[in-house]
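These protein sequence lines map, in sequence, to chains D and F.
Heads up, the first sequence is in our numbering, so the first residue is 406 and it goes up one at a time.
Heads up, the second sequence is in our numbering, so the first residue is 406 and it goes up one at a time.
One should not assume that every hint holds.
Take a look, some chain D residues computed to stay more than 10 Å from chain F by CB distance [unchecked claim]:
hint	residue
1	Arg471
2	Pro472
3	Ala522
4	Pro528
Examples of chain F residues lying across from chain D (beta carbon under 7 Å, computed) [to be verified]:
hint	residue
5	Leu465
6	Ile467
7	Arg474
8	Tyr482
9	Trp493
10	Ala497
11	Gly545
12	Ile547
13	Gln583
14	Phe590
15	His607
16	Trp609
17	Arg616
18	Phe620
Simulated from the structure, these hints should not be mistaken for lab results.
For every residue, glycine included, the Cβ atom is placed at its ideal position computed from N, Cα and C.
There are 2 protein chains.
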Amino acid sequence: MTGPQRQGPQERLGSLGPIVFYFDFISPFAYVGSVAIERLGARLGRAVEWRPVLIGVTILKIMGMRPLREIPLKGPYLARDLERLAQWFEVAVRPHGLGTVNPVMASRAYLWLVDNAPDRAKPFAQEVFARLWTRGIDIGGIEAVVDCARQVGADGAAVRAHLDDDGAREGLRRSVEQAVSLGVFGVPSFIADGELFWGNDHLWMLEHWLRTGSFAPGSG
Amino acid sequence: MTGPQRQGPQERLGSLGPIVFYFDFISPFAYVGSVAIERLGARLGRAVEWRPVLIGVTILKIMGMRPLREIPLKGPYLARDLERLAQWFEVAVRPHGLGTVNPVMASRAYLWLVDNAPDRAKPFAQEVFARLWTRGIDIGGIEAVVDCARQVGADGAAVRAHLDDDGAREGLRRSVEQAVSLGVFGVPSFIADGELFWGNDHLWMLEHWLRTGSFAPGSG
Chain D
406 MTGPQRQGPQ ERLGSLGPIV FYFDFISPFA YVGSVAIERL GARLGRAVEW RPVLIGVTIL
466 KIMGMRPLRE IPLKGPYLAR DLERLAQWFE VAVRPHGLGT VNPVMASRAY LWLVDNAPDR
526 AKPFAQEVFA RLWTRGIDIG GIEAVVDCAR QVGADGAAVR AHLDDDGARE GLRRSVEQAV
586 SLGVFGVPSF IADGELFWGN DHLWMLEHWL RTGSFAPGSG
Chain F
406 MTGPQRQGPQ ERLGSLGPIV FYFDFISPFA YVGSVAIERL GARLGRAVEW RPVLIGVTIL
466 KIMGMRPLRE IPLKGPYLAR DLERLAQWFE VAVRPHGLGT VNPVMASRAY LWLVDNAPDR
526 AKPFAQEVFA RLWTRGIDIG GIEAVVDCAR QVGADGAAVR AHLDDDGARE GLRRSVEQAV
586 SLGVFGVPSF IADGELFWGN DHLWMLEHWL RTGSFAPGSG
């Protein structure tokens with residue numbers, strides 16, 4: 406079926422920007438999404454650009470909401486949905502018992518690496534995610550963040566030196582602000598070819614969109 | 406791939422109950438789901454049993470939440486997501502400008518029909534949904550409800566006579582209470598073979614579950 410929104414691959418080649426992936430280290434759904442979206446990008450030959458947001462610290466306040474896992478009825482559902490999604494996307498996730506984990510330092514370090522050692526940035530974020538969500542190790546403290554940086558071959562001392570300076574604070578603030586201005590309200594979120602998708606349960610729709618430029622079934 | 410949760414079709418035949426579909430007439434997502442789940446049921450040879458809940462009146466209060474469409478950032482996202490999902494599931498939806506629509510009378514009528522004219526119950530609910538979400542006609546009032554009943558060949562006078570009696574009130578209260586006890590917190594929700602799924606964006610997962618008894622990819 407060919408709908409009015411359908412574009413041929415040729416017409417779309419000119420606009421193949423990256424898939425932008427919004428994450429918060431504290432979300433196990435974002436961890437699942439981080440693995441799934443890299444596989445999807447690889448399948449389609451599309452780059453994936455990672456951008457940190459702060460759901461708990463900032464975005465839920467804008468929305469006037471509590472953390473989803475604390476909401477009656479929704480919390481238990483999400484716990485089960487995480488298990489199912491992790492199985493579907495073949496990502497090992499182990500809920501940790503750490504209580505509140507602070508993602509701010511790790512997010513600042515990620516942004517510093519993007520600017521100063523770009524080939525180490527994504528491996529660093531993947532290391533942070535895996536420590537927290539497969540090994541249950543707190544990644545909130547400065548030592549943990551520096552250790553993750555070293556683990557992926559980045560300059561730990563340089564990361565440490567910039568975790569608390571104005572540029573790092575400002576960079577993270579801007580990252581969150583820009584995400585919000587684009588409508589991001591949860592993680593994982595994905596923006597690609599002008600559309601925002603929230604949640605791993607929308608990845609099938611994102612893939613269809615990227616393949617066909619349409620939301621109609623059967624096109625492409 | 407065969408995972409530990411995998412069951413053969415033979416083992417599962419004994420437990421093929423209906424897919425239970427939870428709806429609230431006021432939700433356009435539930436309308437899309439009502440069409441999509443009947444098609445899915447037909448594809449898989451599974452009956453679909455419809456059960457009304459009252460999201461706005463009851464369930465959001467339990468959750469301590471506002472209506473999702475009123476939440477900053479999430480509201481605009483949901484409006485766009487409705488368009489995309491309607492396109493994907495090929496369901497015409499036209500947002501109405503009616504303000505608050507009260508689903509209570511129509512839900513009571515539906516339950517009365519389930520008990521007293523079961524072959525008219527689902528056509529009635531489909532008529533209510535279509536009036537509201539394709540033609541933008543308010544279905545909250547008693548006259549509208551009776552008219553929908555007549556439209557599908559039910560006894561309008563009998564429906565009218567029972568809209569406000571104790572049995573009707575109690576039946577709807579029980580329907581909501583039972584849904585909540587099973588973890589339902591939004592519409593559309595679907596329960597089948599022991600699993601709860603929320604949202605049309607989970608229908609692919611429900612279908613995979615029904616076909617394979619597993620959440621692992623590639624099984625079945």
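Here is how each hint holds up against the structure:
no.	hint	in the structure
1	Arg471	violated (8 Å)
2	Pro472	holds (12 Å)
3	Ala522	holds (32 Å)
4	Pro528	holds (26 Å)
5	Leu465	violated (10 Å)
6	Ile467	holds (6 Å)
7	Arg474	violated (12 Å)
8	Tyr482	holds (6 Å)
9	Trp493	holds (5 Å)
10	Ala497	violated (13 Å)
11	Gly545	violated (26 Å)
12	Ile547	violated (31 Å)
13	Gln583	violated (13 Å)
14	Phe590	holds (4 Å)
15	His607	holds (6 Å)
16	Trp609	holds (6 Å)
17	Arg616	violated (13 Å)
18	Phe620	holds (4 Å)
Taken one by one, the earlier hints fail for this structure at numbers 1, 5, 7, 10, 11, 12, 13, 17, listed in ascending order.
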